[in-house]
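These protein sequences, in sequence, are chains A and B.
Counted from 1, the first sequence has number 202 at position 197 by the working numbering; the numbering is strictly sequential.
Counted from 1, the second sequence has number 182 at position 177 by the working numbering; the numbering is strictly sequential.
In case anyone wonders, no lab produced these hints; they're calculated from the structure.
Possibly wrong hints are sitting among the right ones.
All copies of an identical chain are treated as equivalent in the list; a pair is satisfied when it fits inside any one copy or across any two copies.
Said to hold, decoys possible - Heads up, simulated SDA-like pairs for lysine to any residue below, C-alpha to C-alpha not over 25 Å straight-line:
id, residue 1, residue 2
1, Lys111, Gly130
2, Lys51, Pro235
3, Lys207, Ala312
4, Lys32, Thr70
5, Lys207, Met183
6, Lys206, Ser17
7, Lys206, Cys307
8, Lys111, Met19
9, Lys111, Lys243
10, Lys111, Lys319
11, Lys243, Glu134
Number of protein chains: 2
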Amino acid sequence: MPDPLSYRPALSRMQPYTPGEQPAPGKTVKLNTNENPYPPNPDVVKAIQDAATGPLNRYPDPVATAFRRAAADALGLPGPEWILAGNGSDEILTILVRGFVGENQKLRLPYPSYILYRTLADIQGAAWEQVAFEDGWQLPAAFGDTPDDVRLVFLPNPNSPSGTVLSATEVERLAASMTCPLVVDEAYADFADGHCIELVKKHANILVTRTLSKSYGLAGVRFGYLVAQPQVISQLGKIKDSYNCDMLSIAAATAAMSSQAWLADVVARMNATRQRMSGRLAELGFDVTPSKANFVWCTHPCGQHQAMYEYLKKNQILVRYMQFPDWGDGLRISVGTDDQIDACLMILESYLKNV
Amino acid sequence: MPDPLSYRPALSRMQPYTPGEQPAPGKTVKLNTNENPYPPNPDVVKAIQDAATGPLNRYPDPVATAFRRAAADALGLPGPEWILAGNGSDEILTILVRGFVGENQKLRLPYPSYILYRTLADIQGAAWEQVAFEDGWQLPAAFGDTPDDVRLVFLPNPNSPSGTVLSATEVERLAASMTCPLVVDEAYADFADGHCIELVKKHANILVTRTLSKSYGLAGVRFGYLVAQPQVISQLGKIKDSYNCDMLSIAAATAAMSSQAWLADVVARMNATRQRMSGRLAELGFDVTPSKANFVWCTHPCGQHQAMYEYLKKNQILVRYMQFPDWGDGLRISVGTDDQIDACLMILESYLKNV
Chain A
6 MPDPLSYRPA LSRMQPYTPG EQPAPGKTVK LNTNENPYPP NPDVVKAIQD
56 AATGPLNRYP DPVATAFRRA AADALGLPGP EWILAGNGSD EILTILVRGF
106 VGENQKLRLP YPSYILYRTL ADIQGAAWEQ VAFEDGWQLP AAFGDTPDDV
156 RLVFLPNPNS PSGTVLSATE VERLAASMTC PLVVDEAYAD FADGHCIELV
206 KKHANILVTR TLSKSYGLAG VRFGYLVAQP QVISQLGKIK DSYNCDMLSI
256 AAATAAMSSQ AWLADVVARM NATRQRMSGR LAELGFDVTP SKANFVWCTH
306 PCGQHQAMYE YLKKNQILVR YMQFPDWGDG LRISVGTDDQ IDACLMILES
356 YLKNV
Chain B
6 MPDPLSYRPA LSRMQPYTPG EQPAPGKTVK LNTNENPYPP NPDVVKAIQD
56 AATGPLNRYP DPVATAFRRA AADALGLPGP EWILAGNGSD EILTILVRGF
106 VGENQKLRLP YPSYILYRTL ADIQGAAWEQ VAFEDGWQLP AAFGDTPDDV
156 RLVFLPNPNS PSGTVLSATE VERLAASMTC PLVVDEAYAD FADGHCIELV
206 KKHANILVTR TLSKSYGLAG VRFGYLVAQP QVISQLGKIK DSYNCDMLSI
256 AAATAAMSSQ AWLADVVARM NATRQRMSGR LAELGFDVTP SKANFVWCTH
306 PCGQHQAMYE YLKKNQILVR YMQFPDWGDG LRISVGTDDQ IDACLMILES
356 YLKNV
């Protein structure tokens, strides 16, 4: 008799994705998962509290119309039909893989970048292939040269862990040579100087994902979205759960999107901190990759990155130690408040005195 | 050159699932999607408002530990490792299909029942097969006789649209003969006299899903969960998005689960209304299926179900008209407040005067 609990083989084989450590709330300074160090917009808090006294016994709007209208306004899009709302951009990424990549087909991603894309391929029973960044974090033209079995390409832009950006012109050139959709994951785009949303209007195979977890400071609320041409939104909408976003998070995300001045202010503050921390890290001897995101990738000639991570952790500062096989390792440090960054730099300085 | 936007064939072929109508808030009496007519527990509202001033800029607990502890206590389970929390039980159902059913394999469901299961198979590129209920809403023994290509069986219990229940003994007997997992969808179990959670402790292939949308009156919050043996929870946890439940809904669901007295009270009130409406519908000449859920399935010898639905709708009362090919049609009426049900019955009475 067969095993009455036999999982899909793809699932039994795979390792789960491990997100960054989430210590219990307390004294730890969290600079490891690129959260916003500032509390959210008070308008957002008020919107949630108002929604809490609303008709929670009723199903929410299945397509988050209020949010999509506010987002279309903020982004200069023709209308809400260009937007698909999701339970975090994680859900949007899952929907994209399920929409385009069948079992035994492939998705492509740059290397090093966000390894969750690989997990999404694994869950789907699909394969993945990585194309390495060249010096200066540029992508070879071959990244856009997609054989028939590559059904989807992911490009985080700004990239993680590097914080580097490909220009819209470069993205357009890559997408033009692809025979499948290109997903530009713009989780960190609010911290950069440009973005690719205008390209979506011109090219049906350019799809842009965004999240409210980083720049809007709402990681706890789980809200993200896809920007794509209306026929793409309509097809991919078949995959989502009927009521994928709850009333509270729709209210929060709508209020957040309607306060672009708050966003500009917090981004300016964080980018100033990023510039200051990059300079100080360089003074400490780090090789600092110029970042357009809310984190900084740095390596030190001493090569003791893992030991530095552990020393910081012992001192209640959590950064991300990352090791990429056949490539190298380093530290990815999220932009915190100025005080948090000063504390981190002080401990790094004290570590380096003993090297 | 291939189409740069080619969806998985399964997706292009499929029709999307259409949930029940959600009219704009206003005067409509909604008796069509089995929501709870009463406002949620004030403790839940307070928990959300408190959480709104918490660290929303941080990621939530990826495995909703606080909720799982409260749920394990409420359900008499050994511990939180028997529970997987989801963004509505819809997400749990999606995870189950992705966990067990590969492209070109099959899932099985009774007929008539919840057609969303078919949509989930379609999205996955899998097939589905239906086994018809026998007279008296019993299932033939053949329902448990699963060939190798059937990888998952769904059993809503209580069933929709009938509101009928198979006993735990009957469920155990069916599961014992299956060579795949049996998902007992207990969305409506709080309105019934029994449930199958005890069976999970004995049988690894019995998996129970629950939702907070119905009895707890929290459809707007999107929270559901799976009860299964710990090794099943652990495997299926690989499929969910890393942070699938947000801080606000975790706070709400934890507070809800911690107030079992509130639940008992609202269920008693709704079941009393169900009994009263069932009796009155019978007096109006309807054939009423005895229900153990928060809705009633009824047919009338006049057969004018669709016309009745439309007449009710014209009078701002929305019920669910359901038509099952090769089986028949009827009305599924959710248990509302006593006033709402009185209004519905009055309009049905007025319709029937002219038949």
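Results of checking the hints against the structure:
1. Lys111 / Gly130: both (9 Å within a copy, 17 Å between copies)
2. Lys51 / Pro235: neither (32 Å within a copy, 39 Å between copies)
3. Lys207 / Ala312: neither (48 Å within a copy, 47 Å between copies)
4. Lys32 / Thr70: So lysine 32 and threonine 70 pass the 25 Å test across copies only (20 Å; inside, 39 Å).
5. Lys207 / Met183: Within one copy only: 15 Å inside, 52 Å across.
6. Lys206 / Ser17: between (41 Å within a copy, 23 Å between copies)
7. Lys206 / Cys307: neither (47 Å within a copy, 54 Å between copies)
8. Lys111 / Met19: both (16 Å within a copy, 22 Å between copies)
9. Lys111 / Lys243: Intra 22 Å, inter 20 Å, cutoff 25 Å: intra and inter.
10. Lys111 / Lys319: neither (41 Å within a copy, 51 Å between copies)
11. Lys243 / Glu134: between (27 Å within a copy, 21 Å between copies)
Hints 2, 3, 7 and 10 from the earlier list are contradicted by this structure; the remaining hints agree with it.
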